[in-house]
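Chains as they are written, first to last, in our numbering: chain A, 9 to 163; chain B, 886 to 1054.
Certain hints may be false.
Stated by the list, open to error - Looking from chain A toward chain B, a few residues come up when the C-beta cut is under 7 angstroms (computed):
#, residue
1, Phe48
2, Lys70
3, Ala85
4, Val101
5, Thr108
6, Phe118
7, Pro130
To be verified - Residues from chain A that keep clear of chain B, each with C-beta distances beyond 12 angstroms, as calculated:
#, residue
8, Asp32
9, Lys33
10, Asn34
11, Val35
12, Ala36
13, Glu58
14, Leu93
15, Arg122
16, Val125
17, Lys127
18, Gly133
19, Glu144
20, Asn145
21, Gln146
22, Glu161
23, Gly162
Stated by the list, open to error - Result set (DSBU-like, lysine-lysine): computed pairs, CA atoms no more than 30 angstroms apart in a straight line:
#, chain 1, residue 1, chain 2, residue 2
24, A, Lys147, B, Lys890
25, A, Lys127, A, Lys33
26, B, Lys890, A, Lys134
27, B, Lys1002, A, Lys147
28, B, Lys1026, A, Lys59
29, B, Lys1050, A, Lys150
30, A, Lys127, B, Lys1026
What the hints contain is simulated information worked out from the structure, not anything from laboratory work. Note that the structure is a prediction, hence the values are computed from the model and not measured. Where is the CB? At the ideal position from N, CA and C, for every residue including glycine.
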Amino acid sequence: MRREKAPGSTPVSKLKKSDMSLIDKNVAVGHKLPTVAKKFRLEDFKRADEKTIHTDYEAAAKEGLPAPVAIGPQVAALLFRQFRLCFGMGWIVGGRFDLTFRKPVFVTDFCVARSIVIKTEPEGGKVRVHCDVWVENQKQDKVIVGTASALVEGA
Amino acid sequence: MSIAKTRVLEDSKGRRAAFEDIQVGQTLGEIEWRITDELIDLQCQLDQDFDPLFFPQDEGARRIAPPQITYRPPRWLISRTYNVRGLFVRWESESFRALEPDTTITVSGSIVDKFIKKDREFVVYQAEGKDVAGNLIFRTKRTHVLDFVERNAPREGAGIDSGIKAEKI
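The whole structure should be built from the sequences, with the hints applied where relevant.
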């Protein structure tokens, strides 16, 4: 273990500047965050030997689905990786999101997370960077849409 | 294999929750959940995110968990009260503090809304997690559609999957 303090949770006020992000307070509205993409496989959604709507064609068909569907949070995780990459601890502590899963993602779909800065505003001595976010599949259908925001240093 | 035109009535864990069963305002109780190194490993594996924040390489660096590790406990809470399989359609969340290994959080929740839209039935619940000192760690609101099939379809037959899951990642 590499910890040097007792376990617990850390408030935003305790974050060091070095914990913060690639993106800074001067980021321009319209700036596009680097994309994060993944080609999913059915195996990505398997847990033990359970037959679920995420792993089994018959289980999915029973629910009216044409094929197994991806686990939503694992698809949304593409956006979370993007925000972790761009904002570091400003995402981990202080991150917010509101995501709508518009269409099923099937378990072998290719997905890309995209985000664009829409606004910045001061918040408690830091700056909150707001983005429109979405995940596209291989047909460029927006399967997840929403907003997300994170904190960067400086007001 | 034909694709069902009906809504599932029951599965191996019992009858599916009907829209009429769901009580807005109902508490979902609470659950204590311990974040361990093993759970962080598993979450990072699922999300394919192996950033040094989650796998510190420097001597003395502290490890933290990805915020989305908190996804599951609220889902378990609603499953304890209602057998909702359906699909996850909306996820709102805010993280207030970083979670470290060996932290125990208490997650509590309640049903806050239910509605019908585009001939489908939805349930909305909220939850929050606090550490042992009472600090708020996260707050979330989730919306699930009860069935992928439209609500004018009858409920009949048994499903294979269930909304009631083992309480583990």
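Here is how each hint holds up against the structure:
Below 7 angstroms, beta-carbon pairs count as interface contacts, and A:Phe48 has none with chain B, the closest being about 10 angstroms; its hint is therefore violated. Look at A:Lys70: its Cβ gets to within about 5 angstroms of chain B, closer than 7 angstroms, so that hint holds up. Interface restraint check for A:Ala85: the shortest CB-CB distance to chain B comes to about 4 angstroms, inside 7 angstroms, so the restraint holds. Restraint check, A:Val101 versus chain B: the minimum CB separation of about 5 angstroms is within 7 angstroms; hint holds.
Using the Cβ-Cβ criterion of 7 angstroms, the hint placing A:Thr108 at the interface with chain B is satisfied: the shortest such distance is roughly 5 angstroms. Because the beta carbon of A:Phe118 sits about 14 angstroms from the nearest beta carbon in chain B, more than 7 angstroms, this interface hint is broken. Given hint, A:Pro130 at the interface with chain B, is violated; its Cβ is 18 angstroms from that chain's nearest Cβ, farther than 7 angstroms. With a closest Cβ-Cβ approach of about 18 angstroms to chain B, A:Asp32 is found to remain outside the 12 angstroms limit, as its non-interface label requires.
For A:Lys33, the non-interface assignment is confirmed: its Cβ lies about 20 angstroms from the closest Cβ of chain B, beyond the 12 angstroms cut-off. Non-interface status of A:Asn34 relative to chain B is upheld: no Cβ of that chain comes within 12 angstroms, the nearest being about 23 angstroms off. Residue-level check passed: A:Val35 sits 20 angstroms from the nearest beta carbon of chain B, beyond 12 angstroms. At the 12 angstroms boundary, the C-beta of A:Ala36 stays outside the reach of chain B, the nearest C-beta of that chain being 25 angstroms off.
Consistency note on A:Glu58: stated as away from chain B, yet its beta-carbon is not over 12 angstroms from all of that chain's, at 8 angstroms minimum. Listed as outside the interface, A:Leu93 is inconsistent with that label: its C-beta sits roughly 8 angstroms from the nearest C-beta of chain B, within the 12 angstroms cut-off. At roughly 17 angstroms from the closest C-beta of chain B, the C-beta of A:Arg122 stays outside 12 angstroms, upholding its exclusion from the interface. With a closest Cβ-Cβ approach of about 19 angstroms to chain B, A:Val125 is found to remain outside the 12 angstroms limit, as its non-interface label requires.
With a cut of 12 angstroms on Cβ distances, A:Lys127 stays outside the contact zone with chain B, its closest approach being about 17 angstroms. The claim that A:Gly133 is not at the interface with chain B holds, since no C-beta of that chain comes within 12 angstroms of its own (minimum 16 angstroms). Every C-beta of chain B lies more than 12 angstroms from that of A:Glu144, the closest at about 18 angstroms, which supports listing it as non-interface. For A:Asn145, the condition that its CB be more than 12 angstroms from all CB atoms of chain B holds, with the nearest at approximately 16 angstroms.
Interface exclusion of A:Gln146 from chain B stands, the closest Cβ pair being 18 angstroms apart, more than 12 angstroms. Here A:Glu161 stays apart from chain B, with its beta-carbon at least about 16 angstroms from theirs, past the 12 angstroms limit. Under the 12 angstroms C-beta cut-off, the non-interface status given to A:Gly162 relative to chain B holds; the minimum distance is some 20 angstroms. Between A:Lys147 and B:Lys890 the CA atoms are separated by roughly 26 angstroms; this keeps the pair inside 30 angstroms, and the hint holds.
For the suggested pair A:Lys127 and A:Lys33, the alpha carbons sit about 11 angstroms apart, so the restraint of at most 30 angstroms is met. With a CA separation close to 52 angstroms, the supplied pair B:Lys890 and A:Lys134 exceeds the 30 angstroms bound. At most 30 angstroms may separate the alpha-carbon atoms for a hinted pair to count; B:Lys1002 and A:Lys147 meet this at roughly 26 angstroms. A C-alpha spacing of about 27 angstroms is found between B:Lys1026 and A:Lys59, which places the hinted pair at or below 30 angstroms, so the restraint holds.
Annotation: proposed proximity of B:Lys1050 to A:Lys150 holds, straight-line Cα distance about 29 angstroms (limit 30 angstroms). Of the supplied pair hints, the one linking A:Lys127 and B:Lys1026 holds, its CA atoms being roughly 23 angstroms apart against a limit of 30 angstroms.
When the structure is compared with the earlier hints, violations turn up for hints 1, 6, 7, 13, 14, 26 and for no others.
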